[in-house]
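There are 4 protein chains.
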Amino acid sequence: MTNKALQRTYEILEGTTNDKVTKAFQFFIIALITVNVIVVIIETEESVLDEYGYLFTPFEIFSVVIFTAEYIGRIIVCKLNPKYQNSKFGVLRFVFTPMMLVDLAAILPFFLPFVVTDTRFIRIIRLLRLFRLFKLARYSDPMQTLGQVFKSKAGDLAVAFFILFIVLIFASSLMYHAEHEAQPAVFSSIPASMWWGIVTLTTIGYGDVYPITIPGKLIAAGVAVIGIAVYAIPTGIMASAFTEELRKKKASTNNTCPHCGKDISHD
Amino acid sequence: MTNKALQRTYEILEGTTNDKVTKAFQFFIIALITVNVIVVIIETEESVLDEYGYLFTPFEIFSVVIFTAEYIGRIIVCKLNPKYQNSKFGVLRFVFTPMMLVDLAAILPFFLPFVVTDTRFIRIIRLLRLFRLFKLARYSDPMQTLGQVFKSKAGDLAVAFFILFIVLIFASSLMYHAEHEAQPAVFSSIPASMWWGIVTLTTIGYGDVYPITIPGKLIAAGVAVIGIAVYAIPTGIMASAFTEELRKKKASTNNTCPHCGKDISHD
Amino acid sequence: MTNKALQRTYEILEGTTNDKVTKAFQFFIIALITVNVIVVIIETEESVLDEYGYLFTPFEIFSVVIFTAEYIGRIIVCKLNPKYQNSKFGVLRFVFTPMMLVDLAAILPFFLPFVVTDTRFIRIIRLLRLFRLFKLARYSDPMQTLGQVFKSKAGDLAVAFFILFIVLIFASSLMYHAEHEAQPAVFSSIPASMWWGIVTLTTIGYGDVYPITIPGKLIAAGVAVIGIAVYAIPTGIMASAFTEELRKKKASTNNTCPHCGKDISHD
Amino acid sequence: MTNKALQRTYEILEGTTNDKVTKAFQFFIIALITVNVIVVIIETEESVLDEYGYLFTPFEIFSVVIFTAEYIGRIIVCKLNPKYQNSKFGVLRFVFTPMMLVDLAAILPFFLPFVVTDTRFIRIIRLLRLFRLFKLARYSDPMQTLGQVFKSKAGDLAVAFFILFIVLIFASSLMYHAEHEAQPAVFSSIPASMWWGIVTLTTIGYGDVYPITIPGKLIAAGVAVIGIAVYAIPTGIMASAFTEELRKKKASTNNTCPHCGKDISHD
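Protein chains in written order, with the UniProt record's numbering: chain V, 1 to 267; chain R, 1 to 267; chain P, 1 to 267; chain L, 1 to 267.
Quick caveat, the hints were computed from the structure, so don't treat them as lab data.
Residues from chain R that face chain P, not an exhaustive set, calculated with beta carbons under 10 Å:
hint	residue
1	Arg-126
2	Leu-127
3	Leu-133
4	Leu-146
5	Leu-168
6	Trp-195
7	Gly-197
8	Thr-203
9	Ile-204
10	Tyr-206
11	Ile-237
12	Met-238
13	Ala-239
14	Phe-242
15	Thr-243
16	Leu-246
Below, a list of computed lysine-lysine pairs in the DSBU-like style, where the Cα atoms sit at most 35 Å apart:
hint	chain 1	residue 1	chain 2	residue 2
17	R	Lys-151	R	Lys-79
18	V	Lys-248	P	Lys-250
19	R	Lys-249	V	Lys-250
Glycine included, every Cβ here is placed at the ideal spot set by N, Cα and C.
Produce the entire structure from the sequences given, and follow the hints as far as they go.
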């Protein structure tokens with residue numbers, strides 16, 4: 001490939017320009033991903049499989065060819081990216097970026113069965129096709145926003161989840177000791193009681209496990225009132241971080257002074 | 001109709017004045033809508049239908065006559081509205097405003113059965129009578145506030161709902177693969193698993209679907225803790241936008257300085 | 001009673017002074033109310049009724065005597081209260097204050113059975129004994145705080161509850177039409193479907209009613225995601241108003257400048 | 001022990017220095033606690049007990065020896081702590097600090113069975129082993145943060161929980177009177193109805209208890225909408241206090257001006 005063709009491929013694949021070809025390529029990839037996700041979902045519906053099943057294999061081959069070409073293309077042109085240009089192991093570092101791993105996971109389910117023969121492993125591998133969903137992240141503002149929220153609040157969320165885990169262990173252990181004798185099948189062990197803990201502390205309350213003894217109900221009442229308040233902490237962190245992130249984005253797209261028209265973005 | 005009569009009709013229908021006739025008309029329409037909604041609700045109660053059923057048809061005819069007269073009246077006088085006066089297709093644009101479409105939906109269930117004969121279609125058409133509820137929006141501050149909240153936060157909510165959808169697809173697909181074999185009837189396909197996803201992520205937890213295998217419970221636990229935090233995002237957006245909207249309203253109705261009495265509204 | 005005795009009674013009953021007798025009286029009344037509430041609760045437990053039932057009637061008579069004396073005493077001394085002193089119908093206005101109505105409701109269950117003989121009515125009257133709980137409000141800061149929150153946000157909450165009601169009507173009507181045929185016993189009418197609506201929109205999800213048809217599940221999914229966001233509005237209003245009210249209280253007890261020591265409370 | 005050895009032990013146990021030995025000791029204790037907690041949890045799983053049960057007793061003895069040595073060590077060196085140095089009952093006060101009580105609770109389950117012989121008591125005592133979990137608090141920032149949140153908002157939370165309790169009593173009493181006749185086994189008494197109250201007001205909704213009569217459903221609807229708003233109060237307090245606490249911590253660890261490097265912490 002000539003240098004010019006490489007440069008053009010880089011522009012189109014990484015979306016550094018805004019011309020029609022780039023836009024058309026992005027639209028095509030987004031559409032292909034969306035149809036792939038829809039297929040992964042509806043092919044589990046037996047009636048759909050019976051009627052349209054013969055279309056799924058050709059479509060899978062078509063998709064994998066495109067996605068593989070895209071994947072290889074991205075690796076070839078990555079040396080044009082200033083971030084990976086000067087480094088010795090630039091290509092290697094590029095291959096291990098999250099988005100490139102997602103791209104790999106999106107095509108692996110097709111190629112691995114040629115290498116591996118263990119059927120159970122192949123079934124789990126097929127699950128990887130779902131990761132095509134995350135290929136959308138490259139083009140989707142909302143998913144990037146969520147990603148940034150998780151990133152910017154990673155520390156706070158880790159703290160909150162550690163606390164949730166402590167509360168869960170404590171609540172489930174207490175409940176195990178209170179209910180094990182009355183319901184040995186349901187509260188068979190502390191790990192089993194943790195299922196009750198999760199279902200209760202998140203207020204889902206399916207109704208498959210609940211205490212029936214007086215001490216069990218008293219513990220559940222205490223756990224519910226205090227524990228739910230603790231479980232609301234990550235919820236609160238997420239909601240406020242998300243609103244904040246959206247506000248920041250709006251601010252950064254509109255960062256000129258309304259009076260003098262100069263750039264005032266400093267965040 | 002004379003010009004003066006037209007002008008008076010416009011004033012009464014659009015509530016541009018505050019005189020007694022206008023107020024009486026508004027009160028009458030609000031009362032008629034309220035009774036209509038109550039009738040739509042209680043006529044589904046068999047005991048009520050048996051005893052008072054003979055009253056419902058005359059009341060329906062009476063209501064439709066009034067609502068139709070109101071609808072036609074609004075169209076006739078709309079040319080007096082400065083917004084639709086000078087435009088060529090003013091009347092057409094007026095007819096397609098949201099409130100006028102609601103008004104049309106409120107009377108259609110009566111007239112359509114004369115035109116359409118497909119019984120299944122007629123049954124769905126009757127459901128449209130429920131839209132009389134939204135005729136109230138013209139006179140109800142709370143409903144207008146909610147409308148403004150949805151409008152002002154439409155972008156943020158769209159982002160949040162897109163993320164919810166991604167989380168839902170991912171969670172439901174994982175759960176389908178974990179539980180399909182153990183509960184083929186309940187987790188029959190990914191779309192069917194989405195019912196589990198909605199019921200879990202909103203923390204409703206009816207108890208009609210829940211995982212029973214260890215991997216399923218582990219996935220549900222992870223989904224519950226992380227997913228619920230994500231599902232709380234639109235809830236947080238709505239609650240804060242609503243509070244903000246109410247504060248704005250109060251500020252705009254009370255925007256004079258308590259000391260000098262001058263207008264101090266700058267929001 | 002001499003004027004001085006009247007004045008002293010007024011001081012003790014209304015707690016305008018802080019002396020030992022007033023404090024002892026308040027402690028005694030609070031203790032009596034608390035024990036009364038406990039008795040109302042535990043006398044429904046059959047094993048308690050069997051063993052200690054013979055104590056409940058004397059205790060009821062003792063309590064009613066005290067509460068009646070307190071009630072009459074308050075009326076007698078109310079003319080010493082500047083608020084009700086100069087008005088013509090001062091006593092009447094005093095008798096109809098919320099706290100005096102609570103006091104009346106607290107003793108009525110004892111006296112009414114002497115007048116009324118309809119047994120069903122008497123059973124409901126006995127329920128009024130529970131209102132003794134609210135006699136605590138006179139001495140309890142938290143209950144007063146909650147009262148102030150409801151009062152200060154009454155307008156906002158009314159708006160929010162009106163919207164909840166509109167959402168509930170709309171969701172329940174849709175669900176009725178979707179599920180009535182498949183589950184005629186559960187979704188027998190729109191009012192019956194409202195039970196589903198409440199259980200779903202509040203995310204309680206007992207599991208006694210839920211949709212089983214595809215359209216029903218789709219409606220439920222939409223209602224759940226959007227409706228729950230709407231149902232979170234009053235929750236948000238309450239939580240923030242409560243926190244605000246607590247902050248105000250703290251500010252008003254600590255309203256001097258940390259530097260000059262002067263009063264800086266202007267809120 | 002020489003004074004120098006004492007001083008060194010104090011440094012290591014209380015973590016006043018940052019040298020390698022101190023860090024290694026802390027890492028070892030944290031690891032030992034974590035493994036202990038895991039053992040307490042998984043030894044309730046029968047399959048684990050069958051296979052690895054023979055390891056648990058030696059590990060328990062090993063752990064208790066270490067924890068006892070640590071406990072006694074802390075008491076011995078506590079006189080070097082300035083806080084407990086000059087006081088007459090310094091050691092006694094130190095022994096009754098929360099963390100030292102946790103340390104005692106962590107070793108008691110091993111020693112008490114030698115003194116007490118009542119088997120039921122011993123079973124409850126074994127539960128105390130779970131308190132080893134809280135030994136982590138000494139080294140865990142998140143747990144300390146949660147502790148500070150509970151401490152700083154103790155007053156507000158007490159107010160909120162008192163209100164929850166009032167709402168719970170009122171709701172459960174009403175429901176008892178509405179449902180007792182229709183479901184005498186489920187709503188057998190007001191204390192029994194409180195289980196319904198907790199499960200409903202926290203929106204868990206297991207589905208084991210719910211109203212079936214019209215008045216019961218009406219009461220539940222009212223309780224749900226208003227009560228849940230009240231139950232959201234402590235949740236709101238916790239979430240905001242936690243976020244605030246985390247922000248404070250960050251501020252205090254990064255309190256120098258990014259330009260001049262001077263200390264700018266004024267909080």
